[in-house]
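**Q** Each chain is listed here by its residues.
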Amino acid sequence: MMAKLYGEPVIELPHDLYIPPDALEVFLEAFEGPLDLLLYLIRKENLDILDIPMAPLTRQYLEYVEIMRSRNLELAAEYLVMAAMLMEIKSRLLLPRPPSAEPTEEDPRAELVRRLLEYEQMKKAAQALDELPQVGRDVIAISVWIEKTIAERLPDVHAQDLAEAWRGLLHRARMSRHHRISREELSVREHMSTILRALQERRVLEFSELFEPERGVPVLVVTFLALLELARELLIEITQSECFAPIYVKLGYAESS
Amino acid sequence: MQNPADAKRILEAALLAAQEPMSVNELKRLFDNEIGADTLKNLLEELREQWSPRAVELVSLASGWRFQTRAEFQPYIERLQTEKPPRYSRAVMETLAIIAYRQPVTRGDIEDIRGVVVSGQIVQTLENRGWIDVVGHRETPGRPALYATTRRFLDDLGLRSLQELPPLEEVAQTLQLEPAPAQQVSEAELRPDAEDEPHAAAATGTDG
Amino acid sequence: MQNPADAKRILEAALLAAQEPMSVNELKRLFDNEIGADTLKNLLEELREQWSPRAVELVSLASGWRFQTRAEFQPYIERLQTEKPPRYSRAVMETLAIIAYRQPVTRGDIEDIRGVVVSGQIVQTLENRGWIDVVGHRETPGRPALYATTRRFLDDLGLRSLQELPPLEEVAQTLQLEPAPAQQVSEAELRPDAEDEPHAAAATGTDG
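One line per chain: the protein sequences are A, B and C, in this order.
Quick note on my numbering: the first sequence kicks off at 1 and runs consecutively.
Quick note on my numbering: the second sequence kicks off at 1 and runs consecutively.
Quick note on my numbering: the third sequence kicks off at 1 and runs consecutively.
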């Protein structure tokens with residue numbers, strides 16, 4: 001069948017097929033294959049795809065194939081296969097039908113039509129898909145910066161974890177009872193920290209400034225105990241220049257340094 | 001437990017910061033699963049409504065919810081971009097369409113429909129984009145890979161399911177071929193797996 | 001030429017979509033340079049103002065403007081991450097426990113109790129976290145720093161005061177060092193997380 005194709009005399013380029021030689025390559029590259037080229041020819045000539053006149057279609061198709069070959073364009077094998085198929089269909093249509101032919105015999109064009117329709121359907125589907133807004137091309141997926149400067153992923157600690165840690169310590173160090181801390185002691189120690197922190201800022205505080213009577217008597221007592229403990233541990237100095245003069249509290253190292 | 005306004009604020013921030021669409025189930029974790037799926041969906045709908053007048057919209061996709069710019073505003077945003085993102089070639093888009101509408105398909109199936117050889121590069125392009133993947137192999141000689149579209153494909157095209165693909169253009173149900181009866185042809189057209197027909201494969205032989 | 005509302009909508013979308021901070025000069029391209037820098041800055045300020053009640057904010061950085069989640073929002077984002085949260089080593093936890101229960105203490109005190117040298121890194125970790133700080137110095141040779149826990153430590157652990165730390169009598173009771181009041185024990189038993197992975201901290205311990 002290939003021989004037949006090559007054996008055909010070169011047909012002159014009809015006017016409606018004329019493409020400027022410069023544009024030819026671009027034009028031919030625009031086709032995605034033989035089905036695409038056939039569809040173009042059918043649509044261009046307003047042919048009925050369901051009742052294709054095989055003779056003119058085959059002629060036009062072969063003309064294109066010939067142009068491609070004469071320009072030494074790399075012609076995909078599929079184009080030649082299609083040419084053979086078209087000529088086969090054409091010749092089968094030309095054969096006289098036996099008078100008592102089985103009515104189930106298929107039109108030789110049926111398979112071609114089916115493939116053309118299916119290809120056209122997918123071609124249009126591709127265009128429709130291409131029209132959908134595409135992420136990266138038509139729309140941008142939002143993903144704003146996540147600010148982490150303050151809270152980089154830090155471990156969570158629960159109060160109970162501290163007790164567990166302490167328990168582990170006890171276990172290892174076989175700590176004796178003097179390490180047991182009561183709520184009262186803890187309260188004193190908390191106030192020791194508070195007083196030291198206050199002294200960090202002000203260096204010297206008047207004794208009375210350390211007390212907050214509005215928080216009640218228990219807090220006053222605990223604050224006083226904290227002061228005594230701090231003094232005992234030489235962490236603060238409590239001074240009074242004379243009787244009834246203001247009492248000053250300062251950090252233990254404030255003067256020695 | 002958050003009040004609805006706080007919950008929406010948190011939802012909004014999580015969705016704006018997310019790299020991928022977030023499902024309702026994932027979003028529930030934001031609230032330690034204390035907010036039910038239905039309440040969450042309502043909040044998301046309210047959020048979508050609140051964003052409706054803006055140039056950014058909250059959309060519901062195959063794998064969840066995502067904020068994205070509206071396509072109408074792309075011309076403005078493109079002014080900031082030094083180069084435009086390329087469009088896919090017709091060959092790529094046709095291959096994608098066949099995989100999307102006819103999945104699962106082999107490369108041979110695609111070649112039957114397109115009538116040309118499908119290059120490995122085309123398949124690679126779609127795989128690299130995360131739009132298609134191999135979902136199995138057909139038990140025929142060579143065990144060719146069967147391709148299907150991914151959830152990412154739906155997400156990237158703004159779809160929730162394949163149902164939302166643009167409908168295929170109606171192909172003539174009955175071929176008015178004469179003189180041969182059209183019955184067999186119309187049957188083939190109606191059958192979704194028409195490409196399995198033996199002569200379809202034979203027709204694209206590449207050995208000229 | 002856009003009206004201010006449209007311009008803001010476009011600005012907002014462009015900034016939300018941008019991967020990098022955008023300078024005013026770059027943003028001018030959105031409007032084909034038809035909006036001046038001053039007008040643009042005003043619009044950006046208005047936009048920042050509009051976003052101020054949200055969990056995402058518009059900030060102005062050296063290299064330009066960008067949207068970012070507020071740092072306070074980080075805990076929610078973390079809930080979306082599936083990886084296990086990091087834990088402090090046993091060394092860090094014990095040091096913290098000693099400072100919490102025995103404050104104010106020096107590093108020497110901590111070493112006495114733990115029986116091992118306390119690395120500067122451990123103290124640094126807790127200082128960086130804002131949970132401990134130096135409240136004074138003990139008047140002994142070398143004048144070692146005295147550490148105490150901070151307000152922030154209490155806040156982060158959800159405590160109003162050190163009083164609310166788990167009482168150590170329980171511990172004593174567990175170790176049968178001394179009988180504890182029955183009431184407190186039953187309290188501990190009622191707390192659901194009391195026996196929650198007691199050695200979890202130790203398991204990841206890398207003693208300093």
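Think of the hints as simulated: they come from the structure by calculation, not from any bench.
A hint or two may mislead.
To be verified - Partial selection, computed: residues in chain C whose CB lies under 7 Å from chain A: (1) Leu16; (2) Ala71; (3) Ser89; (4) Val135; (5) Glu139; (6) Arg151.
Quick reminder that beta carbons are idealized off the backbone N, C-alpha and C, glycines included.
**Q** None of the hints should be skipped; say for each whether it holds.
**A** Each hint, compared with the structure:
| no. | hint | verdict |
| --- | --- | --- |
| 1 | Leu16 | 5 Å, holds |
| 2 | Ala71 | 4 Å, holds |
| 3 | Ser89 | 9 Å, violated |
| 4 | Val135 | 4 Å, holds |
| 5 | Glu139 | 5 Å, holds |
| 6 | Arg151 | 9 Å, violated |
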